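Take the given structure of chain A and dock chain B to it, following the hints.
Which chain is which? The protein sequence lines are A and B, in order. Take the first sequence: its letter number 488 is residue 576 in the numbering used here, and every next letter is one higher. Take the second sequence: its letter number 29 is residue 310 in the numbering used here, and every next letter is one higher.
Hints were generated in silico from the structure; no laboratory data involved. What you are looking at is a predicted structure, and each value in this text was computed from that prediction instead of being measured. A hint or two may mislead.
Here are the simulated distance ranges between beta carbons [what the hints assert, rightly or not]: (1) Asp287(B) - Tyr391(A): 23 to 29 Å; (2) Lys329(B) - Val576(A): 26 to 32 Å; (3) Leu791(A) - Arg284(B): 21 to 27 Å; (4) Asp304(B) - Thr260(A): 36 to 42 Å.
List time: in silico DSS-like cross-link candidates among lysine-lysine, alpha-carbon distance up to 25 Å [stated by the list, open to error]: (5) Lys330(B) - Lys575(A); (6) Lys330(B) - Lys381(A); (7) Lys381(A) - Lys316(B).
Where is the CB? At the ideal position from N, CA and C, for every residue including glycine.
Listed here are the chains, written in short residue letters.
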Amino acid sequence: MNEDIKTCPIIANHIKVALVGQPNVGKSMLINSVSNAHLHVGNFSGVTVDKTEVLFDYKEYHFTVVDLPGTYAFTDYTIEERVTRDYLCAENYDIIINVIDSTNLEKNLQLTAELFTMSKKMVIALNMNDEAQKEGIEVNAEYMSELLNIPCIKVSAAQKTGIEELINTVVTVHEKPKQEPKLIFSEAVEEETENIVSYLTKHKYQARNSYRNIAMNLLKENKRTYAKLHDEPIWTELQPILIESSKHIELHHDTDDIKEAFAEEYASFNRGIVAEVVKQKVVQKEVKTLTEKIDSILIHPIYGIPIFLFLMWGLFQLTFVLGAVPMDWINSFFGWLGDAVGATITNDDMHSLIVDGLISGVGAVVLFTPNIIILFVGIALLESTGYMSRVAFLLDGFFHKFGLHGQSFIPLVTGFGCSIPAYMSARILKNDRDRLLTLFIISFMSCGARLPVYVLFAGAFFSEAIAGNVLFIIYISGAMLGLIAAKVLKMTAFKGADEPFVMEMPKYRLPSVKLIWHTVLSKTLLYLKKAGTFIAGAAMLIWFLSNYPHNQELQKSYALKIEQAKTATQKTKLNDKLANINLENSYLGRVGKFSEPIFQPLGLDWKMAVALEAGIAAKEVVVSTLGVLYSLGDSVNETNNSLKEIIRKNIPFASAVAFIVVIMIYLPCFAASIVFTREAGGIKYFFYMFAFTSIAAYVMAFLAYHITLLLGY
Amino acid sequence: MKRLIDCNKGEKVKVLKLDANYDLKQRLISFGIMKNAQIQVLEQAPRKKTIEVKVGKMRIALRAEEAGLIEVETI
Numbered sequence: 089m090n091e092d093i094k095t096c097p098i099i100a101n102h103i104k105v106a107l108v109g110q111p112n113v114g115k116s117m118l119i120n121s122v123s124n125a126h127l128h129v130g131n132f133s134g135v136t137v138d139k140t141e142v143l144f145d146y147k148e149y150h151f152t153v154v155d156l157p158g159t160y161a162f163t164d165y166t167i168e169e170r171v172t173r174d175y176l177c178a179e180n181y182d183i184i185i186n187v188i189d190s191t192n193l194e195k196n197l198q199l200t201a202e203l204f205t206m207s208k209k210m211v212i213a214l215n216m217n218d219e220a221q222k223e224g225i226e227v228n229a230e231y232m233s234e235l236l237n238i239p240c241i242k243v244s245a246a247q248k249t250g251i252e253e254l255i256n257t258v259v260t261v262h263e264k265p266k267q268e269p270k271l272i273f274s275e276a277v278e279e280e281t282e283n284i285v286s287y288l289t290k291h292k293y294q295a296r297n298s299y300r301n302i303a304m305n306l307l308k309e310n311k312r313t314y315a316k317l318h319d320e321p322i323w324t325e326l327q328p329i330l331i332e333s334s335k336h337i338e339l340h341h342d343t344d345d346i347k348e349a350f351a352e353e354y355a356s357f358n359r360g361i362v363a364e365v366v367k368q369k370v371v372q373k374e375v376k377t378l379t380e381k382i383d384s385i386l387i388h389p390i391y392g393i394p395i396f397l398f399l400m401w402g403l404f405q406l407t408f409v410l411g412a413v414p415m416d417w418i419n420s421f422f423g424w425l426g427d428a429v430g431a432t433i434t435n436d437d438m439h440s441l442i443v444d445g446l447i448s449g450v451g452a453v454v455l456f457t458p459n460i461i462i463l464f465v466g467i468a469l470l471e472s473t474g475y476m477s478r479v480a481f482l483l484d485g486f487f488h489k490f491g492l493h494g495q496s497f498i499p500l501v502t503g504f505g506c507s508i509p510a511y512m513s514a515r516i517l518k519n520d521r522d523r524l525l526t527l528f529i530i531s532f533m534s535c536g537a538r539l540p541v542y543v544l545f546a547g548a549f550f551s552e553a554i555a556g557n558v559l560f561i562i563y564i565s566g567a568m569l570g571l572i573a574a575k576v577l578k579m580t581a582f583k584g585a586d587e588p589f590v591m592e593m594p595k596y597r598l599p600s601v602k603l604i605w606h607t608v609l610s611k612t613l614l615y616l617k618k619a620g621t622f623i624a625g626a627a628m629l630i631w632f633l634s635n636y637p638h639n640q641e642l643q644k645s646y647a648l649k650i651e652q653a654k655t656a657t658q659k660t661k662l663n664d665k666l667a668n669i670n671l672e673n674s675y676l677g678r679v680g681k682f683s684e685p686i687f688q689p690l691g692l693d694w695k696m697a698v699a700l701e702a703g704i705a706a707k708e709v710v711v712s713t714l715g716v717l718y719s720l721g722d723s724v725n726e727t728n729n730s731l732k733e734i735i736r737k738n739i740p741f742a743s744a745v746a747f748i749v750v751i752m753i754y755l756p757c758f759a760a761s762i763v764f765t766r767e768a769g770g771i772k773y774f775f776y777m778f779a780f781t782s783i784a785a786y787v788m789a790f791l792a793y794h795i796t797l798l799l800g801y
Numbered sequence: 282m283k284r285l286i287d288c289n290k291g292e293k294v295k296v297l298k299l300d301a302n303y304d305l306k307q308r309l310i311s312f313g314i315m316k317n318a319q320i321q322v323l324e325q326a327p328r329k330k331t332i333e334v335k336v337g338k339m340r341i342a343l344r345a346e347e348a349g350l351i352e353v354e355t356i
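Extracted from the complex, chain A is given alone in its bound form (with noise of 0.2 Å):
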């Protein structure tokens, strides 16, 4: 294919198709099964959910498959609802694949009769042909076409059978004029409608739209249907028209809610329409599916916990085992592309921006990779096989205490890897307030990068036997914090009545391999892309504040002092004053000397203020920073020993306290508030979570050091 086809416009043979189906109905494994050999797929990203676009030549036609987000049903519930209704009413498509499981008919054509309201052309893909084969469901989809007057396609897309046909077909629609769909209601409904379209063709009303399909459109109270309505002259005479007949039918459902009245209007055409094309040949009564014997084990009230317990562990446990390796290949690439750069740049200013700027910034981005694919390969196996429902079953009833969701665990649990990732799962929460929530307190797990600090000062202040212990509490104490900063956001922020649970629990499928692929490859590159483009941005501005302004003078007659020193100690110790004296003159030291007084109440000084504000590009730096302040050069690390002496001998015990419940509780790191921001859904919520994170952090770091002096410390 060329490139140039990938932007071109809609052109005559150019067919652009919704992919539009409830969750669970293998969509996407339809668009890879169509596409065969995925040509291009690309993302391009609603608010926080993805769209994927899939284009690919089939004759004489380029077609661009758009697969929306699964949707039970077109209310304001789920982002996925809204991203796939948006596009539905407002972007420009040719018609609409409609996905349906075979084996639950009944249910996913609620969304298919919604989907007649759109007044699009369509075809439906009645999926998943092998498992009902299996299950002994015969659908008869010549009578089903007939009936809905919409072509139903048989396809598998597990299989691959049916996608030839059901590409003809899509062609073959495309080519006639549109068709309108056949959906018979009670007698009731029929007679109201009749009465409005009766109304309408008096007056001649010009509409795009049938008659009958405005008729529906306003009895169940479509929106757009009656804005566009209510400029129009004949609107007087037609909403008292309305009103009867809306009470009429609601009279007739014995409801005052028509939506309602209306849903049940579809429940019994659906029925109507399953009872006359589904055969099920052999009843298999009172036999427990595969998937019940399965839930009977995995959600059992008393094993159920211990077991998903045991799953974590062993993902975590790959992660950071696992991931380790690679990670050493990268960070050896890392030094030596810091190196072979290095070498080729003169100019000490360039060099320095280069290799310790933006090759090690980008780096520490790139070091994650593994662990974040690793993650994501094994959130992506939960989640396909349907495992992670299973999860918020067993963990809602805890997680609700805190205002918390049962799904928020994965999350949260991400976060004591990395923030990044942990903020990426949070998507798995399909309401807002309940994904908001969590996105705030994430950042109190505390992540890998942070480890290096709580054992440096672990190690500064205990003996080694209780320096372990010491950083559990610390890691406890850190979700703990979390856990009740939850229950005051929800108190306080979040207030309201609480989001309903209410989740379908899918079949158990084993996952495909394809589709694993493709969703941890497409999330990876986005990771590499945006968490890259910014951390590389943060890191040469860091670089920036800590080495300008240079003083020339100072520079030169260090460099002199260097030259004549005799040993090589010596030689490491004006190095090191050379960099003490040059950071203080910073622009990042004088910001640490300003901001000084704030941070005089916790009884952190200077030197430790600039370590957390560091620490906001990225929580590695902040050990670094120490040593260099501490007049140890830049090669520290937390099991320096002489860190760990100099730290014990210069920083009472408790403002170490206070400099560790600051670094439990601030800011998480440049690149996770971006990913953050971009999660949450707006800037806005950047300086909500910067004010919370910061004032907790003040609060708490206040308390701890002042209870830790009078406990006499």
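Quick look at chain B alone, frame taken from chain A:
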């Protein structure tokens, strides 16, 4: 009045009424939980915090609060 949360594991019931607010009602209906629908209770989480029910061929998890809003009768 019997409610869905009061049912025992394995019990089969018919929905009489949804006492939910507008949004939740829409949500329940989109899952097939509506008047006259038949529901079977499949599993219960510890202390009935959440329950798993079967509507048609679909399995649905509900929190106790939501299950308490669904009026049912035994069939």
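Q: Return holds or violated for the Cβ distance of Lys329(B) and Val576(A) against the range 26 to 32 Å.
A: 28 Å, holds
**Q.** 25 Å Cα cutoff - pair Lys381(A), Lys316(B)
**A.** Given that 25 Å is the threshold and the Cα spacing comes to 29 Å, the pair is violated.
Q: Mind checking the alpha carbons of Lys330(B) and Lys381(A) for me, to see if they're no more than 25 Å apart?
A: Given pair Lys330(B), Lys381(A) holds - Cα atoms ~21 Å apart, limit 25 Å.
**Q.** Pair hint Lys330(B) and Lys575(A), alpha-carbon separation not exceeding 25 Å
**A.** The hint holds at about 18 Å.
Q | Distance restraint evaluation - Asp304(B), Thr260(A), Cβ atoms, bounds 36 to 42 Å | A | Once the Cβ atoms are compared, 40 Å apart, the range 36 to 42 Å for Thr260(A) and Asp304(B) holds.
Q: Given the range 23 to 29 Å, decide if the beta-carbon distance of Asp287(B) to Tyr391(A) lies inside it.
A: Because 26 Å falls inside the window, the suggested range holds.
Q: Mind checking the hinted window 21 to 27 Å against the Cβ distance between Leu791(A) and Arg284(B)?
A: Cβ of Leu791(A) to Cβ of Arg284(B): about 45 Å, so the range 21 to 27 Å is violated.
Going down the numbered hints, you'll see the structure goes against 3, 7, while the others check out.
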